[in-house]
Structures are given as structure tokens and as C-alpha cells.
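J.: Listed here are the chains, written in short residue letters.
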Amino acid sequence: MTQYLDFEKPLAEIEGKAEELRALARANAEMDVAEEAAALDAKAAKLLDELYKDLTPWRKCQVARHPDRPHCRDYIERLFTEYTPLAGDRNFADDLAVMGGLARFKDRPVMVIGHEKGSDTKSRIAHNFGMARPEGYRKAVRLMEMASRFGLPVVTLIDTAGAYPGKGAEERGQSEAIARSTEMCLKIGVPLVSVVIGEGGSGGAVAFATANRVAMLEHSIYSVISPEGCASILWKNAEKMREAAVALRLTAQDLLKLGVIDRVIAEPRGGAHRDKRKAMDAVGDAITAMLKDLDGKDGTALIKDRRQKFLDLGTKGLAA
Amino acid sequence: MNWITNYVRPRINSIFSRREVPENLWQKCDECGTMLFHRELAENLNVCTQCGHHMNISPRARFTGLFDGGVFVEVDVPEPVADPLHFRDQKKYPDRMKAAQKGSGEKEAMLVATGEIGRTPIVAAAQDFSFMGGSMGMYVGNAIIAAAQEAVKLKRPLILFSAAGGARMQEGILSLMQMPRSTVAVQMLKEAGLPYIVVLTHPTTGGVTASYAMLGDVHIAEPNALICFAGPRVIEQTIRETLPEGFQRAEYLLDHGMLDRVVKRTDLRDELITITRMLMKLPPVVRGELPAPAVKADEPAAEKTAAPKPTESKAAAKS
Ligand SMILES: [Zn+2]
Numbered sequence: 001m002t003q004y005l006d007f008e009k010p011l012a013e014i015e016g017k018a019e020e021l022r023a024l025a026r027a028n029a030e031m032d033v034a035e036e037a038a039a040l041d042a043k044a045a046k047l048l049d050e051l052y053k054d055l056t057p058w059r060k061c062q063v064a065r066h067p068d069r070p071h072c073r074d075y076i077e078r079l080f081t082e083y084t085p086l087a088g089d090r091n092f093a094d095d096l097a098v099m100g101g102l103a104r105f106k107d108r109p110v111m112v113i114g115h116e117k118g119s120d121t122k123s124r125i126a127h128n129f130g131m132a133r134p135e136g137y138r139k140a141v142r143l144m145e146m147a148s149r150f151g152l153p154v155v156t157l158i159d160t161a162g163a164y165p166g167k168g169a170e171e172r173g174q175s176e177a178i179a180r181s182t183e184m185c186l187k188i189g190v191p192l193v194s195v196v197i198g199e200g201g202s203g204g205a206v207a208f209a210t211a212n213r214v215a216m217l218e219h220s221i222y223s224v225i226s227p228e229g230c231a232s233i234l235w236k237n238a239e240k241m242r243e244a245a246v247a248l249r250l251t252a253q254d255l256l257k258l259g260v261i262d263r264v265i266a267e268p269r270g271g272a273h274r275d276k277r278k279a280m281d282a283v284g285d286a287i288t289a290m291l292k293d294l295d296g297k298d299g300t301a302l303i304k305d306r307r308q309k310f311l312d313l314g315t316k317g318l319a320a
Numbered sequence: 001m002n003w004i005t006n007y008v009r010p011r012i013n014s015i016f017s018r019r020e021v022p023e024n025l026w027q028k029c030d031e032c033g034t035m036l037f038h039r040e041l042a043e044n045l046n047v048c049t050q051c052g053h054h055m056n057i058s059p060r061a062r063f064t065g066l067f068d069g070g071v072f073v074e075v076d077v078p079e080p081v082a083d084p085l086h087f088r089d090q091k092k093y094p095d096r097m098k099a100a101q102k103g104s105g106e107k108e109a110m111l112v113a114t115g116e117i118g119r120t121p122i123v124a125a126a127q128d129f130s131f132m133g134g135s136m137g138m139y140v141g142n143a144i145i146a147a148a149q150e151a152v153k154l155k156r157p158l159i160l161f162s163a164a165g166g167a168r169m170q171e172g173i174l175s176l177m178q179m180p181r182s183t184v185a186v187q188m189l190k191e192a193g194l195p196y197i198v199v200l201t202h203p204t205t206g207g208v209t210a211s212y213a214m215l216g217d218v219h220i221a222e223p224n225a226l227i228c229f230a231g232p233r234v235i236e237q238t239i240r241e242t243l244p245e246g247f248q249r250a251e252y253l254l255d256h257g258m259l260d261r262v263v264k265r266t267d268l269r270d271e272l273i274t275i276t277r278m279l280m281k282l283p284p285v286v287r288g289e290l291p292a293p294a295v296k297a298d299e300p301a302a303e304k305t306a307a308p309k310p311t312e313s314k315a316a317a318k319s
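Chains as they are written, first to last, in UniProt numbering: chain A, 1 to 320; chain B, 1 to 319.
FYI, nobody ran anything at the bench for these hints, they're computed from the structure.
Keep in mind that this is a model prediction, so the values were computed, not measured.
Treat the hints with caution; some may be incorrect.
[As the list claims (entries may be wrong)] The following residues of chain A were derived to be distant from chain B, with all beta-carbon distances above 10 Å:
#, residue
1, GLY16
2, LEU24
3, ARG274
4, LYS276
[To be verified] Label-pair restraints from in silico Cβ distances:
#, chain 1, residue 1, chain 2, residue 2, range
5, A, ARG90, B, GLY52, 39 to 45 Å
6, A, THR2, B, GLY105, 57 to 63 Å
7, B, LEU279, A, GLU82, 42 to 48 Å
8, B, ASP95, A, LYS17, 47 to 53 Å
9, B, LEU279, A, ALA266, 49 to 55 Å
10, A, ALA266, B, LYS91, 35 to 41 Å
Even glycine gets a Cβ: it sits at the ideal position worked out from N, Cα and C.
Assemble the whole structure, with the sequences as input and the hints as a guide.
T.: Encoded structure:
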């Protein structure tokens with residue numbers, strides 16, 4: 001069943017009507033609804049195009065967080081073979097908010113790491129809604145370091161509201177864990193490519209997305225703080241999230257302009273959740289292209305490329 | 001009396017009496033409520049003489065107390081594009097900047113300088129909590145990179161005093177990008193084999209803690225400093241549970257293995273001299289008779305611990 005966002009309400013009505021008609025036709029063999037249903041479908045498709053043509057930043061946040069949006073696990077299943085999860089930080093625990101392991105991307109062995117939000121109540125709780133604790137970052141550090149030693153490219157998939165604000169996470173050095181993960185991203189002598197597939201939330205995202213190449217899905221977001229958080233601090237009113245979402249310039253299109261990311265991946269009509277396979281394949285194509293970009297660079301060149309990219313950020317390409 | 005107090009005190013006095021004395025000569029300790037005479041408080045580096053509470057100190061006042069004779073040279077920081085996002089909340093970002101500049105008398109939230117501590121040449125960077133909560137934007141990122149590059153160029157250790165509420169929201173994603181940028185700066189130091197010492201002061205939170213502030217060779221914190229990624233209020237709202245006494249304070253972090261030491265501000269200078277000299281494989285600092293700073297600028301001052309008279313010291317600090 002499709003889950004509709006608040007701004008998709010008119011669409012829900014049309015699609016609902018079409019569905020009702022078809023259900024009626026299924027019950028009465030002599031009823032012919034084909035023409036009428038097709039007209040409704042066309043109307044829905046047109047509306048969907050209109051709604052998604054120019055999504056406001058806040059609506060993009062909603063789409064980026066859509067529960068039906070393909071998650072890390074879906075991408076790994078669709079785009080990678082021989083996925084072999086590797087667990088644990090060798091210190092305290094295995095954090096299921098971060099999944100990662102060895103896999104083949106188009107036959108090439110790689111290390112894939114990403115945030116997993118879960119897809120139903122049970123798995124969402126198990127994955128802590130994609131909010132990593134220190135162990136998640138430390139697992140990622142371990143996997144990145146290993147990838148570097150064995151010469152395997154690293155692919156990271158970013159989808160997190162941010163680090164988990166919990167007592168234990170703080171006690172076990174959340175800050176240090178994030179800092180070390182970012183540091184490891186900058187240290188590894190193998191290609192590191194990253195795709196923001198949903199939410200790129202603050203430090204939790206940076207910890208994996210400090211990459212040679214970063215792509216974002218068209219309706220994903222990447223931000224220093226959630227619009228709600230920003231609104232409650234700067235507007236003293238969390239309800240001002242729409243304004244905050246605009247001010248923060250957190251859309252893929254804005255980030256491309258600011259030189260923070262390298263490419264925007266088009267989503268199917270109505271967002272990635274409406275045609276998951278198509279969306280995931282587009283991400284696969286982007287990963288292929290980004291890895292190809294880095295072909296022929298040795299470890300030293302890759303490290304240099306990555307560092308220079310971040311050092312240069314904000315020094316060029318910004319309008320005064 | 002050791003030579004440090006003997007030598008540095010008069011200089012601090014002269015500088016503070018010139019710049020920092022407000023019309024109101026008394027300041028109330030926000031912890032114990034004691035009224036403290038401003039000059040006495042400044043001499044004690046803004047640490048309450050009654051209860052030992054560490055109050056906010058500006059980078060300039062800190063450097064004046066830190067460097068030999070209060071002498072330091074500011075390092076230029078490349079200016080970033082102003083207001084890159086044309087950010088506007090209830091106020092415009094440029095207006096917030098102007099207010100912060102007026103209030104602090106500083107250009108931005110970080111000051112970088114070179115100088116000597118106990119004849120040990122160092123580069124220091126200090127974040128200014130009074131400037132928009134010390135928040136990390138592009139300027140702060142540039143300052144950290146400039147500090148690291150200067151340290152590498154001069155082959156000196158970098159001592160960084162952190163103090164920040166977190167990221168500069170008005171610079172959005174570009175503020176977030178200072179996490180990897182500052183991490184590159186730390187890597188420059190590590191690759192050059194130079195010590196990187198972080199002094200975490202109250203408060204150090206958010207993205208600042210999750211990048212350069214937690215990547216030091218040595219982590220020292222001032223007593224009772226709040227150091228965290230997610231602040232206590234956010235956590236209480238999330239887990240709906242009261243947090244233990246002293247949670248996320250310096251002593252708590254020391255207990256949990258995140259810091260090397262908790263050191264009073266008044267003891268910090270001696271401690272930093274001791275640590276940096278050992279890491280730089282320099283002889284122990286000479287105590288007792290007062291040696292002056294290097295007279296010849298082209299000679300490495302650190303090797304001249306038994307040099308001339310205090311009267312030949314450098315000109316007063318830039319202020
Ligand atoms: Zn007091």
C-alpha cells in the first residue's frame with residue numbers, strides 16, 4: 001500500500017478512485033472500467049509530475065524520509081553480489097544502524113558500508129532508525145582500514161537523521177568515534193565514493209561521506225542540522241521547519257551549486273519509492289561512473305584528491 | 001616564586017589594565033556569587049579566586065597569559081566568502097556577524113598566533129565562545145588549516161583551545177564541511193610528526209567535538225567543562241530520563257577514557273610547556289633565574305634557555 005505524504009493528498013484521492021474502480025471491476029465481470037481508470041491514471045501521473053517538478057526543500061525532506069524509500073539493504077541486494085556482512089567494532093558491540101561488509105560491485109570486490117533505517121517497526125527498532133552509536137562508526141573505521149590494506153574500493157550509502165543522542169553513545173565517545181571515522185575516510189588509499197540515498201544528517205553523514213566523489217539522489221537532503229532542529233534554535237519555534245529548510249540550502253541541487261557534491265541522480269517520477277528498481281539502478285550507474293572517474297589513480301593520488309577537494313571547498317565556486 | 005609568574009604577571013597587568021577593564025570594576029562569579037575585583041580575576045585568568053570556577057576567557061586574554069611575556073604574533077587567516085548562503089532566520093546573518101564583532105572586538109570566532117611558552121616555540125589557536133557561541137564556520141575552518149600550515153612550516157607543535165556550541169548553522173552545509181576540512185589540518189600535523197594538543201574548554205560540543213577537538217595526541221580539559229556531541233537537553237528529551245550528576249563534564253569524560261588530563265587553567269601553561277618540550281625532545285625548561293625570550297629572531301629560541309635579561313624582551317603583544 002502506498003503511503004502518501006501530506007502534500008500528496010490530492011493524488012491519494014485520484015489514485016484511490018482508480019483503485020476503487022478496478023476493485024469494482026474485479027467483483028463484477030461485466031463492468032468495463034478500463035477507459036475511466038486509464039483517464040484517472042493519466043490524471044494522477046500528470047499531477048505527480050506537477051507535484052514533484054518543483055518540490056520545496058521541506059517537501060524534499062519529507063520525500064527523503066519516506067518510509068517506503070529504498071534503504072541501504074535494498075541497494076545492497078539489488079546492486080551488489082556475494083554480500084558478506086562483517087560485524088562488530090571488536091571493542092563493545094555490533095551496531096545494526098550501520099551495515100557493511102565485503103561484496104562485489106559488477107564483479108569487482110569492494111567494501112560497502114551504509115546506514116540502515118529498517119523497514120517495519122521491528123527492524124526499525126533493531127536498526128535504531130539508522131542512528132548510529134559509536135560502535136557503528138568504529139565498525140566502519142575497521143572496514144575502511146581493511147579495505148585500504150587489501151586495495152578494495154569503498155562505497156558508502158548515506159541515510160541517517162544523525163548520530164544517536166543517547167546516554168551510552170555519549171559515554172562511549174560518540175564524538176571521538178565520528179571524528180575517527182572522518183579521519184579514516186581521509187586516510188585510505190583506495191577509491192571512496194558515496195551516495196546520499198535519503199537523509200544526510202550532520203556528523204553521522206560526514207563520518208562516511210568524506211569521499212573522493214559524492215552523489216545525491218534528486219530528492220535526498222544533506223544538512224548540518226535537521227530543519228526542525230534549526231528552526232527550534234534560530235526561530236525558537238520548531239514549526240518554522242519550512243523556512244529553515246529553505247535557508248539551510250540542503251537540497252541536492254543546492255549542494256551541487258555549492259560544490260559540496262559532484263552529481264545529482266535523477267529519481268523516477270514521484271520519487272525513488274514509486275519505482276525502487278529504477279531508482280536503485282540509477283544509483284548503480286552513478287557508482288559505476290564515480291569509480292570510473294577514479295580509475296588509474298594510485299593510493300597517494302586518491303588521498304591527495306580527497307584532501308584537496310575538502311580543502312578547496314568554499315574557496316571557489318561561491319557567489320560573493 | 002618561579003620565573004614564569006615573576007616574568008609574566010606584570011605584563012598581564014599592563015595589558016589587562018589597558019584593554020579589559022570595564023567601567024564596572026567588579027564581576028560576580030556565576031557559580032558562587034562572590035563579587036570579584038576585575039583585575040584580580042583577570043590576573044587569575046578568569047578563574048574565580050573563591051570557588052575555582054572557570055569563567056569564559058577571550059582568546060586574546062588567554063594568549064596574553066599563555067605566551068612568554070604576553071608576546072605573540074597573529075597568524076593571518078584567509079577570509080572566506082561572507083554569508084555564502086544569504087542566510088536569514090529572524091535576523092540576517094550579516095547582522096548577527098556585525099553584532100558579534102561589535103560585542104567581542106574580534107573579526108571571527110578563532111584567533112591563531114605564534115609565540116613561545118617557556119621558551120618553547122609553538123603555534124596556538126583559540127576559539128572564542130563569546131563570538132556566536134564559538135561556532136565553526138568557514139573562517140574557523142580556515143583558521144585551523146592556517147594554524148596547522150604555520151606549525152608545519154615552522155616545525156612547531158600546535159596547541160588548540162576549543163570552545164564552541166557546534167556548527168555555524170548560518171553557513172549550513174559549508175559549516176558541516178569544516179569537519180573534514182579541519183581533520184585534514186590535523187593530518188598535516190601528524191604527517192609532519194608534530195604534536196597536536198587539544199585543550200577542551202567549556203563548552204565544546206557538536207561537530208567541533210566530533211572532529212578536530214577529539215583528534216589530539218593529548219587531550220586536556222579545563223575543570224567542569226561541558227564536552228559532548230549531543231547536549232544534555234537533547235538527550236533528556238530523547239531518552240526521557242534524568243542524567244547523572246556531572247554527566248558530560250570534563251571529569252566524567254576523564255573517567256570514561258576520552259581525555260588524558262583535567263587541568264586547572266592556572267596550571268595549564270606549565271603543563272603545556274612540560275608536555276610540548278618532551279614531545280619535541282627539548283631539554284627541561286630552566287626554572288628559577290629568569291631567562292628572556294630570544295633576542296635574535298633568526299635563532300631557534302627554544303635552545304637558548306639560559307639567555308639574557310628580561311629587560312631585553314620583545315615588544316608588547318599586539319592588541
Ligand atoms: Zn566563584
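J.: With reference to the structure, classify each hint as holding or not holding.
T.: Status of each hint after checking the structure:
no., hint, in the structure
1, GLY16, "holds, 36 Å"
2, LEU24, "holds, 47 Å"
3, ARG274, "holds, 27 Å"
4, LYS276, "holds, 27 Å"
5, A/ARG90 x B/GLY52: 39 to 45 Å, "holds, 41 Å"
6, A/THR2 x B/GLY105: 57 to 63 Å, "holds, 58 Å"
7, B/LEU279 x A/GLU82: 42 to 48 Å, "holds, 46 Å"
8, B/ASP95 x A/LYS17: 47 to 53 Å, "holds, 51 Å"
9, B/LEU279 x A/ALA266: 49 to 55 Å, "holds, 52 Å"
10, A/ALA266 x B/LYS91: 35 to 41 Å, "holds, 37 Å"
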